[in-house]
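This is what each chain is made of:
Number of protein chains: 4
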Amino acid sequence: MSSNTFGQLFRFTTWGESHGPAIGCVVDGCPPRIPLAEADIQHHLDRRKPGQSKYTTQRREPDTVEIQSGVFEGMTTGTPISLVIRNVDQRSKDYSDIAPKFRPGHADYTYDMKYGIRDYRGGGRSSARETAMRVAAGAVARKVLETGIEGGAISIRAALVQMGPHGIDRGNWNWDTVDANPFFCPDARAAERWADYLDGVRKAGSSCGAVIEVVAEGLPPGLGAPIYGKLDTDIAAAMMSINAVKGVEIGAGFEAAALSGEENADEIRIGNDGHPIFRSNKAGGILGGISTGQPVVARFAVKPTSSILKPRETVTRDGEETEIVTKGRHDPCVGIRAVPVGEAMMALVLADHLMRHRAQCGAPLPPTPPLGA
Amino acid sequence: MSSNTFGQLFRFTTWGESHGPAIGCVVDGCPPRIPLAEADIQHHLDRRKPGQSKYTTQRREPDTVEIQSGVFEGMTTGTPISLVIRNVDQRSKDYSDIAPKFRPGHADYTYDMKYGIRDYRGGGRSSARETAMRVAAGAVARKVLETGIEGGAISIRAALVQMGPHGIDRGNWNWDTVDANPFFCPDARAAERWADYLDGVRKAGSSCGAVIEVVAEGLPPGLGAPIYGKLDTDIAAAMMSINAVKGVEIGAGFEAAALSGEENADEIRIGNDGHPIFRSNKAGGILGGISTGQPVVARFAVKPTSSILKPRETVTRDGEETEIVTKGRHDPCVGIRAVPVGEAMMALVLADHLMRHRAQCGAPLPPTPPLGA
Amino acid sequence: MSSNTFGQLFRFTTWGESHGPAIGCVVDGCPPRIPLAEADIQHHLDRRKPGQSKYTTQRREPDTVEIQSGVFEGMTTGTPISLVIRNVDQRSKDYSDIAPKFRPGHADYTYDMKYGIRDYRGGGRSSARETAMRVAAGAVARKVLETGIEGGAISIRAALVQMGPHGIDRGNWNWDTVDANPFFCPDARAAERWADYLDGVRKAGSSCGAVIEVVAEGLPPGLGAPIYGKLDTDIAAAMMSINAVKGVEIGAGFEAAALSGEENADEIRIGNDGHPIFRSNKAGGILGGISTGQPVVARFAVKPTSSILKPRETVTRDGEETEIVTKGRHDPCVGIRAVPVGEAMMALVLADHLMRHRAQCGAPLPPTPPLGA
Amino acid sequence: MSSNTFGQLFRFTTWGESHGPAIGCVVDGCPPRIPLAEADIQHHLDRRKPGQSKYTTQRREPDTVEIQSGVFEGMTTGTPISLVIRNVDQRSKDYSDIAPKFRPGHADYTYDMKYGIRDYRGGGRSSARETAMRVAAGAVARKVLETGIEGGAISIRAALVQMGPHGIDRGNWNWDTVDANPFFCPDARAAERWADYLDGVRKAGSSCGAVIEVVAEGLPPGLGAPIYGKLDTDIAAAMMSINAVKGVEIGAGFEAAALSGEENADEIRIGNDGHPIFRSNKAGGILGGISTGQPVVARFAVKPTSSILKPRETVTRDGEETEIVTKGRHDPCVGIRAVPVGEAMMALVLADHLMRHRAQCGAPLPPTPPLGA
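Protein chains in written order, with the working numbering: chain A, 1 to 373; chain B, 1 to 373; chain C, 1 to 373; chain D, 1 to 373.
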C-alpha cells in the first residue's frame, strides 16, 4: 500500500529529496547467496548520471552508491539491502522564484494542493533525481534474473527510438550503436541528425520529448499473473511511474487498433528444436498477461522537459497571476536519461514476476510438462 | 499481492470462469452507509452486456447481478460486498478443437505454459466475461465517489474514438450521441461510417481494433500518491489489465513526445472564482502523479478480436503443427464493449485514491457521536 | 490491505453475514494441478458444524460447501477458488431485543461506533459463523502443504487442553482420543469430567472459556520470514483473529518468562541420521521467526461465550440504561468448535509461508547446503 | 508482502545488521504538516539505549538518530521519512566461536537453514538492535496520534509487570515509578526485590524472562478493522514480532478462559456526560476487533536471554557436536529494554489504524483550500 514502494516479492522503497542530504532505497525480498558488489550497481548508475555530454544537465553528481546492509562477504543474505547516494552538488541556490510560484508542467501545484507543504528545493521529492535509485535497485534485479532462470542468458536493453518528432530507421537498428552516441540511439545516422536538432532546441531555451523502447530477451514462457498482476499491467505501471511519462504500449501498441485480426495474430509453428516459435511478435511477448517466451517489447513516451528558459504564465501560492522562467541546469530532453531507467524498471518487474511465478508454480511442484509430454 | 485483486483501500477481487456456474467479485473496503441496490449496478452491466446489436456477440447473457453480503436495509455496512452473476448461456459446445490447440492471440498457450492446466471452455479465466465483474464493482465505486467528495458532481464517461483505422472528428463530439449508437461513438457521422465498415469486417470473418477515451470530470486537485502510486500509474495499470489492451496514454500521450516544452506546458491563470484555471490540458489532469482538478483524460488501444473465422496456423499441446478457425459467437470489435469497462476501471482507481488521500491527508477523526445522536 | 483477507501469497478473503443468503470465500494464489474436490473440504467442515452434541448450539446448519471456480476436471488451475455455503437455518426471529441494545462482550457496540450501521441479525458479520469459511480455506491449504513439501507427511492437529478452569493430564495425551469425545480433548479421563462440568454450566445458563493447542509436525526448517513476517508473528495474528480469542502463545509461552536461560535453551545434538535434533522444544519449533524442523506448537485462549441466559446490564443505541438476556441457541463453550478453526488457521499460515519461502529461497537457486557440506 | 515492513497505511521498513555501518528505517505514509524534529525521536531512543544501568548490556551505543528525508522546515511533507543510526560500538571481536556454531535459543541455526548464509557478527539481522528503529518509528507514530484525534490526549505507556517468576502488587501501581527504577517497574517495592534477584542472576551467568504490559488511553471507540485486521490481531502480531517474545494477551487474556460468562462480561452504564462507561475491562478495550474507548491493554512474555555464560550443548555447521558459551556484554533480562519497544509497537499499530479508519469511515474530503488561504 506504500506509494513509495514498487514490486510485490522483489520490491524496493525509495526515499529522499533532490536537495536533502542523500537519496536511498531499500531492496527487500532479494534471494540469498547472490554475488553483489557496489560496482555491479555503479556500472548502471554511471549510464544515467548527469553531465556526460552537452545534451544533459551540467550538474555534477558522481552518484556513488553505498551498500549499507543485506550483503555479507560479497553475497546477499536475504535481508533488506539498503542503498544510499549522498547528494553532493546541491548548489546553494536562490529559491525565491520557485518557492512561491507553480512551474507549469511540474508537480509544484499538485504537491501543494495535496499536502499543503512542499520541499521546493530542486523539485524535492518530485525531482527525477529519484530515478537514480530505480537504476540502483534495477541493477540488483538484474542479478536476480541472471541467477533465477535456469540456463538463462536474459538481456534487458533499451534505446531511444524517437526524439521530438524525429524517429529512427528500424532497418539501421544496431544495439552496439546505443552506447556509442549520447542519445542511446540504435540508428547511427538518426543520432547524427538528432545532435543538430537537439543543439537547436537547447540554444532556443526550449525542450523536446522522446520515445524509449525496452526489450527483454531470454525470458521463459509463463511469467505474469492474471488478471490484475499481468506482466503488461505491471510494465505499464512501471513505465508510467517514471517522471514525465505520458504513454506506454506493448508490442504493436496503439497501432494494433488499426490492424485486422488476421494481421495481428502471431501464428505459431514448431521450431527445429521442437519448441514453438511465433511468426511475428505483434503481442510484444505477452498473451493474457503471461510471457510467451518471445522478446518482451515495451515503449513509453516522455513529454518535453517542463523546465525551459522561455517565460510561461502561471500563478503564485497567494493566488496572483505571474510568469516564470526556469533557470538552472536542465536536460533539454529528459527522455535520454530515461533510457537506463526504463531498463531498470523492466528488470524490476521481471525479477518480481520470476519470484511470484516460483512461489505459485515452482518446484517441488511437478514441473510444467513439455509440449507433447 | 493477489493478482485477482485490484485496488488498495477500495479493492475488489474477481473469480470465475466463462463456463463455470457463475462469476463474481468481492468488493472490500467500501465505506459504510452508502445507499446501494442491485439496480444501481445492473444499469451499468446492461450497457456492457452482449447481444444488444448485431455488432456484438449474439450470446444471451442477461448478466443479472445479485448482492450477497455487505448491504443491510439498502445501505452498505462497511463489510465485504459479494456480487455474483450466474452463467446461463453456456452452450454445451464441442471443445474438441480448442482444447488441444492454441488459438493465436489468445492466452491458451501461455496459461498452459504457466499452469500446466487450463479450463479451455470459452477461454475459462482469460475470457473477457470477467470484465462484467469490473463493471459491477465500478458501479459501487461510482457511489463512493458521489458520497466522498464534498459538493462534488463527479462524472466518469467514455467513448470509442477510433474503430480500426477510422477516427472521429473531435469537432463533432457530443456526449449525448455516445449512447445513441451501437458503438459508444461521440461523433454521429463517424458512427454511420463505422456501421458500414464493421459490417464489412464481420462478413469477411475478420475483426478490428479500437481506441477508447475515458474522461473523469469534477475531481478535486490532490488525488494521487507519488511515486509508485501515482494516479496515472494506477490508471495505466487499470486499463492495461483489460483484455486485449495494448497501449495506454494520458492527456497528450504519445503525441507529447513530438511537442516542444512551451507547447506542452499548461499555463495557469486565476479564474473569476479565484481558483486557478489551466489554459490547456496536455497533462490530462495529472501532474507529478496527482490530480490538478482539470478533467482526467486517458485513452487505451484494444487489439482486434483474436477469434476470427479465417484459418490461422498454430500448434497443438502435443507439439504438432496445425491450423485453427475460431467458430462461435464473437464480437468483431471487442473494443465496443470495452467502453463501459474503461469507465468502471477509472471509477475504481478514483474511489481507491479518494480513500487513500483521506487516510493520509484528511481531517482529524470526527469526534465520536454520542449515543442517541 | 483488506481486513477481510488473510495471507500474502496463499490468501483468502471471506464475505457474508450470519443471516444473509450465504457466506463464502475466495482462495487466491493456490498452486495449479492440486487434486481438489468438495469432499476434501466438507470433511473438515463437518468437524466444526453445529448441532453435533448437546454441548454445541442446536442450530441445524449442514454447511455444505460448493466450489464455484478455480477447479477443472478435479484439479486446481491456479485461478481463484470461490467457495460458498448457503445459509439454511436462519430462523425468522424476533430481533426487537438485540437490534437496539448492545450485548456485553459482543461487537454490537463497537460496530455501531465504527460504522454507524450494523446488521444485527445473528451478529451479522461478527458472528462466529464466518469461521466456517476459514475451515474451508484451511482444507485447501492442507492440500497445498501435502503437495508442496518434498517427501513431507505434514500433520496439523489441535486439541482442547483446558475447559473453564479445568486442564488435562499431559501424561494421558492421545491424539486418537481427540475425535472420540465431543470436546476434542486428548485426555479421555479429563473429557469425562468436562462432560459433567459443562452440563452444569449449560443448565445454569452460564458459559465457560477454553484453551486450544495446535501442533504442526513434519515441517522442514526454514519456513518463516523475519522480521515482521515471522512464523510466530503470523500464527499469533491468525489465532488472535478468531472470534473470542484473548491470548496466544508459542512453545513454552508465558511460562518461559519464569524460566532461567539455561532451562529455556533447547540444546542441540546430532541424530542417528546425521540431522540435528533438539533436546527439548521450549521454542515451540520457531527461532528468530523461522521454523526449526521441530513441531510447531501454539496455544490460544478463548473467552467464555458472551451470549448467556443470565441478565446483564447494558445500554441502548438511544443512550438508555437497560438489561439484556441473550436467548437462542448458543454454544456454552465456543472454544470447542474453535479447535478445527485453529487447525485451519495453522494450515493457512504454513501454506502461505511455504510459498513465500519458495519465492525467495526456492529452486533454481542453489538448494540450501546440508550440514557439513 | 515485505517481511521487513510493518503497517498498512502508516508503515515502516527497517534495514541493517548489528555490525554493519548503520541501521535504519523508512517511515512511509506519514501525514503531512506534523511538526517533527530529531529530538522528538531521540527522547524515546534514549529510554531504550544500552548501558544505562548495570542491568543492561554495557555496550556504548549513543543511538543518535538522523532524519534524512521527509521533513522540511520542521514539518513532515507526506513523503518517506528516512531515519538512520550509525553503529559505533562494533568491537572488533573474535567470531571464531559463533561463526561455525549454532547458539541454542538464537536464530543462528534457522537463518542458516533458510538462507544458507548468515551475517554472524553480533547476530546480524536477528539482533535486538533492530528494535531501536521500531522505537524511532514509534516516536513518529506518536506524533500522528497526537495530531490525528480531535481533542485527544492519547497516552501510550508500558511497564514491566513480571521479572523471572516475580510479579508485582497491582495495588502499588504508580506510573511515575516506572521511570524511577532501572526496570520500568510500576511497583517501587517490587523494583527493590527485583534488583537483588537480577544481581544474583547476572552473577550466576544466567538470565531471566519478563512480562510487559502496554496500556493505551484516550483512544476513541471505532478503531480496528474486522475480520483479519482486528486491532487485537495487529497488536498480537506487533508484540510477537519483537525479539524473544513467546506470548501475547489482551485484557483478561489467558485468565479469561477460566472465567464464567457473567464474570467476563463488561457491563455498560451511561456516565454523567451521557457517554457509555464500562463497569470493567476484561476485554482490554477491544470487542470484535474494534476499540471500545476503554484503555487498550496488552501483555507480552519475553523469554530469558539466550546468551548466557553457562555452557550449552550444540552442533556446528559441519554437523559436529560441541558446546558453546556466549561471552560478551549481554542483558541478563532483555525484557527490560523491551518496554519502550512495546510502547512503540502499540503506537505504530494505533497510528496505522487511525489512518485506516479515516480512509473508510472518515468525513468527506475537506474541500480544497483556495489559493492564498
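Among these hints, one or two may not hold up.
Copies of the same chain are indistinguishable here, so a pair counts whether it falls within one copy or spans any two.
When the alpha-carbon atoms are kept at most 20 Å apart in a straight line, the in silico EDC-like pairs for lysine to aspartate or glutamate are as follows [what the hints assert, rightly or not]: (1) K54 x E38; (2) K310 x E267; (3) K327 x E313; (4) K327 x E255; (5) K54 x E146; (6) K203 x E73.
Just so you know, the hints here were simulated from the structure itself, not pulled from any lab data.
Taking the hints in turn, this is what the structure says about them:
Neither within a single protomer nor between protomers do K54 and E38 lie at most 20 Å apart by alpha-carbon distance, with minima of 28 Å and 41 Å respectively. In this assembly of identical chains, K310 and E267 lie within 20 Å of each other by CA distance solely across copies; the values are 12 Å between and 51 Å within a copy. In the homo-oligomer, the alpha carbons of K327 and E313 lie at most 20 Å apart inside one protomer (15 Å), although the nearest pairing across protomers, at 59 Å, exceeds that limit. Taking identical chains as interchangeable, the C-alpha atoms of K327 and E255 are never at most 20 Å apart, the minima being 38 Å within one chain and 26 Å between chains.
In the homo-oligomer, the alpha carbons of K54 and E146 never lie at most 20 Å apart, since the shortest distance is 34 Å inside one protomer and 51 Å across protomers. For the identical chains of this complex, K203 and E73 are neighbours neither inside a copy (50 Å) nor across copies (37 Å), given an alpha-carbon limit of 20 Å.
The structure is inconsistent with the numbered hints 1, 4, 5 and 6, although it conforms to all the rest.
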